[in-house]
Every structure is written in C-alpha cells, then in structure tokens.
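Visitor: So you can see what is in the structure, the chains are spelled out below.
There are 2 protein chains.
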Amino acid sequence: MTDSRITFAQLRQFIIVVMTRLGLPEADAAIVGQLMAEAEMQGSDGHGAIRILPYARRIRAGGLNLKPNIKIVQERAGMAVLDGDNGMGHLVMQKAAEIAIEKARHCGIGWVGSRLSNHAGPASLYARMPMAHDMIGMYFAVGNANHLPPWGGLDMLLSTNPIAVAVPAGEESPVVLDMATTVAAYGKVKAKAQRGEQMPIGWMIDRLGQPLTDPKRAEEGFLMPIGGYKGYGLSLIVGLLAGTLNGAAMGSEVIDFNHDDTSITNTGQAILAIDLSAFGDVGEFKARVDKLVRELRASERMPDVERIWLPGEQSHAKREANERDGMALPPVLLKQLDAFALELGIPALAAH
Amino acid sequence: MTDSRITFAQLRQFIIVVMTRLGLPEADAAIVGQLMAEAEMQGSDGHGAIRILPYARRIRAGGLNLKPNIKIVQERAGMAVLDGDNGMGHLVMQKAAEIAIEKARHCGIGWVGSRLSNHAGPASLYARMPMAHDMIGMYFAVGNANHLPPWGGLDMLLSTNPIAVAVPAGEESPVVLDMATTVAAYGKVKAKAQRGEQMPIGWMIDRLGQPLTDPKRAEEGFLMPIGGYKGYGLSLIVGLLAGTLNGAAMGSEVIDFNHDDTSITNTGQAILAIDLSAFGDVGEFKARVDKLVRELRASERMPDVERIWLPGEQSHAKREANERDGMALPPVLLKQLDAFALELGIPALAAH
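These protein sequence lines are chains A and B, in that order. Taking the working numbering, the leading residue of the first sequence gets 162, the next gets one more, and so forth. Taking the working numbering, the leading residue of the second sequence gets 162, the next gets one more, and so forth.
Please note: incorrect hints may appear among the correct ones.
If chains are identical, the list can't say which one is meant, so a pair holds when it fits in one copy or spans any two.
Keeping only pairs whose Cα atoms sit at most 30 Å apart, straight-line, the calculated DSSO-like set for lysine-lysine is [to be verified]:
#: 1; residue 1: K232; residue 2: K353
#: 2; residue 1: K452; residue 2: K351
#: 3; residue 1: K232; residue 2: K377
#: 4; residue 1: K377; residue 2: K228
#: 5; residue 1: K232; residue 2: K452
#: 6; residue 1: K479; residue 2: K496
#: 7; residue 1: K452; residue 2: K228
#: 8; residue 1: K496; residue 2: K447
#: 9; residue 1: K377; residue 2: K447
#: 10; residue 1: K452; residue 2: K353
#: 11; residue 1: K479; residue 2: K353
#: 12; residue 1: K353; residue 2: K228
#: 13; residue 1: K232; residue 2: K447
#: 14; residue 1: K349; residue 2: K479
Hints were generated in silico from the structure; no laboratory data involved.
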C-alpha cells in the first residue's frame, strides 16, 4: 500500500490470523482481533496494532494461558468476581462486561471484578460496552507497570491505574472519559522519545523532585500524578478497587510486563454497569445529557480557544475519520508487522 | 472558655438546639448535629461549625423544607433514587447510606442516588458510613456553586464536584480519599482571603488564562481542575452520575447557595456501598490493605520529605487529636455563634 492506510477489517483479520497461529482458539482470536482493531480505530494507538508484537512475545514465552477457563469465583445478585486463569485480558473483560450488563438488568447496577487477568487495552473499550444496552459503564484497572511513587516518595509502587466512564447521550455522541491518574500515560512518554521530542514540564520528575523533560532519561524518574497528592490517592483507590478487592496484584506485586514476559501478572480490573431505565425514563435522561453537552459546547471560550470539547468527542471524531479513510499506522510498525507476518508464513497486514 | 476549645459533645448539642429552635424535628436535628460535629472533628472545617449560620440563614429564608418526606422514587434490588423533598442534605444522605448498605448486603453492591437534596457536608462523611458494616463506600456529589468552566471556557458551568472513597483496613486506619475535582476547593480560597494570604500559582486563573493568586480577586477568575482537561472531565462525569442521572441540577441549573437562600437547589448526590464479604474473606482483604499501606508508608522518601501519608491518615490523626484535646474554632466564628445564641435565647456554644 503506497499510503500505508489500512482498514478496520484488514487489521481485525490480521490480528485474528496472528492470534490463531499463536495458538488461540478461533472464537477467542476473533474477540481479541475485534477489540484490538476497535482500540486502534478510536485513536487509542498505544493499545491497537502496536500491541500485536508484545502480546505475541508474551504468548511465545508462555506468559499467557491460551486455553483459559475463565470462571466466576464469587457471586451475588449484583456482582461477581472472575478468575481469568491468566488468559488474554480482552477475553476476561469482554466476559466481565457481559455479566455486569446482565446483573444490571436485574439489580439496576452490576459490578464485576477480575483477578488473574491480563492487559486488556484501553479502559474506554470496556466502559463503552454497557452503552449499547442503555447503560452507563465504568471501568477501573491496575496498570501493568509501576511508574508512580506515593506522594513524596521515590519507590514506584503504583501504576497509572486508569478510570473510564461512558455515559450515553441522545443525538450527541456519548460522553466518554478515559484517563490515567497520572498527568501523562507512560505510552505518551515513549512516543515523545520515538519522535525525539522533549516532554513538557509537569509530566515527569527526577529523584530529586526536579522536572524531567528528556524522555530518553525516563527511567531515571517517574510520572507525576494529576493534582499532586490527589492523583496519588486516586491511583491508590483505583488499585484497591480493581486489584486488592479481587485478590489481584497491587503495589510491589505488580509485574512490569514491558520487562517480564513469563511471570503471571495477576492483573485486576473492575467494570460497573448502571442501567438507565432503573433510574427513570431513558429518553429523558439522554435529552438531559444532550442539553448539558450543548450548553458546555456553546459556552464562552477563552481567547485563542477554537472549540470546547466534551470528553470522548475527539476520539469519536477519530473513529469516524478512521472508518472513512482507513487508519495510518507508523511506517516502522508496518515494517515490523510485515516481517512478523513473513516469519509466521501468513499474508502481510495490507494483503488481508 | 479561655482557650476557645470546645468538645464534640458541646458542638453537637449546640447544633441540635439551634436546629430545633429553627424548626427541625428533634430526631432530624440530632442527625444533623451529629454529622456536622463529626465533620468538624475530622478536620473538615469548611463543613462543620462554620456552616451553622449559612444553614440557619437558608432555613429562615424558607429555602429548606423542615418537614421533608424523604422517599424512594425509583428502585431495583441493587439501587434506589431518593427524592429529598428539599430537606437538609444530611438527612437525605444518612438515609441514602442506610439503604445502600442494606442493598449491598443482598446484592453485594448498593447504589443510591438523590434528587431534591441539599448540601450535606464533607463527602467522606458518607463514604465512611458503609465501613462499619465491612463495606467500601463511595460518594459523588454535585457542588452547590459553579466555580469551574469547561476546559478552554469562561462560563462557570461546573462545580468542584467531589469524590470520596473509604476502604476499610485491618490494624491500620482506613484509606479514605476525599477530593474536589479542582486543585483547591473554593473553601480554601475563602480561607486564604480571611487570613490575608496569597494563593499558590495553579489554584485559580483569570479570564485571560493567567494565574490568579490574590484570593480577594477570586470572583474575577475560576478554579483550575486537577490535571487540566482530565479534572474537567472528572467533574463533568461526577455531575452526570450524581446530578443528571437522578434528575437533579447540573450545569446552569446549579443554584449558587452562597448568594441565593430561597431557590430550591435540587442537589444531586450518589452513594455506593460494596460489601467486602461478597468478594471473599473480609479478614484477608483487610490484611492485604494493611500490607499495602505499610509498604507505601515504609517506601523510600524524597529528600526533605518526613513522612509518606496515606489518604485519610491526616484526617484520622486530626480526629483523634480533636477528640482528646477538643476543637479549636476560629475566634471570629465563636463570636458570631455566641451572638447567634443570644439572638435565639439559647446558651452559648461553650456553655453546652
């Protein structure tokens, strides 16, 4: 392909073939392919095609269970805990979302946590799932590498532990917040390093508390939490809810999956579904969200600010553009994926 | 009293007598007195004794319903929506917490939202309530005055919308996060103004986006959200969950209760209780929290940092000190309360 653009269907199919070759059952490979391609399409480019090779590396190293028995180990009417049996996180969380939605139908809300899960891609992917059933979705996760010390500390015992919340609207696109509890996610630091750019002050500090702006020196410092001690508290709380509550890894138990392909990560996540119809008329709720969204968007702007964005709106625009025009993957990544396809003896990404 | 220190019992009793005089039924006055005194004792000094006069002003102006019929208007097994009938927020939220706890006993989790409620004091007060039942508590609220524009905007359509989460520990004190989604709560700005101090850069900006550090000029600017657009998103999401979902006020519907004593505020709040026993052995969970807390506290510190604090630990220490030594109220406030007692023909605070 001369313009390096690939379609959603190409990327999904490529991932399905790769995952099947690596030993995933076809039905599971289909789920992983669908969700990873969706991540790429919505602009979460740290969680889409770029993850194919690291996941493959971990699978080949034996760090992931290819035939997991994902099962409920604790349950009440409104909640469950899933044991992911060290399977791909996408499979665990897809199932968690389905159960949470089912529970919310009966109880009004449904909460499903996981242990022995794995990295599952962008938080918003799972927070968005309940929306198709006229439900609000929330998602918490323990990140798969610690880059954050407690406030005032030097030991990186916490991760970027993200929060995502997706709220359905009527005519407007849904309000979808997907945020790390650090000022920048670690993937953004890596991207700056790749592009040879400096980081803004406030992303990272060094061990003396001084601003660190050279992303090549990232390993000498750590990420800053949002709002100082508040972000530290938020990261800890997310970790308690998504990790500790489910018997999953937290603190020093967290495995750095960038540097360790074999240890069981025991990743913890949690998803909450809130059924709008339990709270009143769904149409009225959506109309109230539309009204609020429009009020915010039409409100007075600072000088030089062109537009007021709602959370998730830019991702929504990106998804539409990618659907229409195809997705532009970095040439370096395309080359790596082509080489990997050759090695596996499967057609290249662009040929799918 | 020469040292201006008052006991918890004195403050609680004073508030009960004040509220009864103002027309609250005795049982309701007892709840309000208890909760406001607890707020003061835990160091939430923006929500304790300092609120007596503003609440009294609103009650006398007819802005609060003294005999509310607080009732469930929507319900499923795991959730409910309470109509607060414009009663004191403390009464609505105390009831909401009780219902959420009861629901969590059966469903594992319980979510209760409110509309037509009012200001209820510090968020942590309600997040803490489920802990006595070995449950995690979460609380979200729409603030009662808008001080935050959307990111890039100038219209203050959002409030400091707080989040509180309380997680029980074993031998350690519980982990309790209570945070506004702005860098500083508006009460802290008022406190700086009272003390004639400047604000640090980062608390507020003016309408040109420049740092605003003079708290006397606070009305010319607005609060900064934590983490920039992330805090804006978080404030909006909290407002959607605590306000819009319950049919309570959000955006331009929010009444500024500092400047309006008569309009119905239609305050929205939400409380979530998570029953630890539904997730596994409660003792094991608490031991895991203890281990994590100790690991964070004992971790390596930055130069000049004396101690690593856990969220809620300073408040816990304050509560113990206040219980032991009594609470030191600002002399100005004590004088105002004495004058108010004289006007009502009741004994002064210190005489209770």
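Visitor: So, for every hint listed, does it hold in this structure?
Guide: Hint check results:
1. K232 to K353: Neither. Shortest intra-copy (40 Å) and inter-copy (54 Å) distances fail the 30 Å Cα cut-off.
2. K452 to K351: Neither way: K452 and K351 sit 39 Å apart in one copy and 32 Å across, limit 30 Å.
3. K232 to K377: neither (42 Å within a copy, 59 Å between copies)
4. K377 to K228: neither (38 Å within a copy, 64 Å between copies)
5. K232 to K452: Answer is between; shortest inter-copy Cα gap is 27 Å, intra-copy 42 Å.
6. K479 to K496: within (24 Å within a copy, 59 Å between copies)
7. K452 to K228: For K452 and K228, the Cα distance exceeds 30 Å both inside one copy (47 Å) and across copies (33 Å).
8. K496 to K447: neither (45 Å within a copy, 49 Å between copies)
9. K377 to K447: Close neither inside one copy (46 Å) nor across copies (40 Å); limit 30 Å.
10. K452 to K353: neither (38 Å within a copy, 36 Å between copies)
11. K479 to K353: within (20 Å within a copy, 44 Å between copies)
12. K353 to K228: neither (37 Å within a copy, 60 Å between copies)
13. K232 to K447: between (35 Å within a copy, 24 Å between copies)
14. K349 to K479: within (18 Å within a copy, 39 Å between copies)
Figure legend: structure checked against the earlier numbered hints; hints not met, in rising order: 1, 2, 3, 4, 7, 8, 9, 10 and 12.
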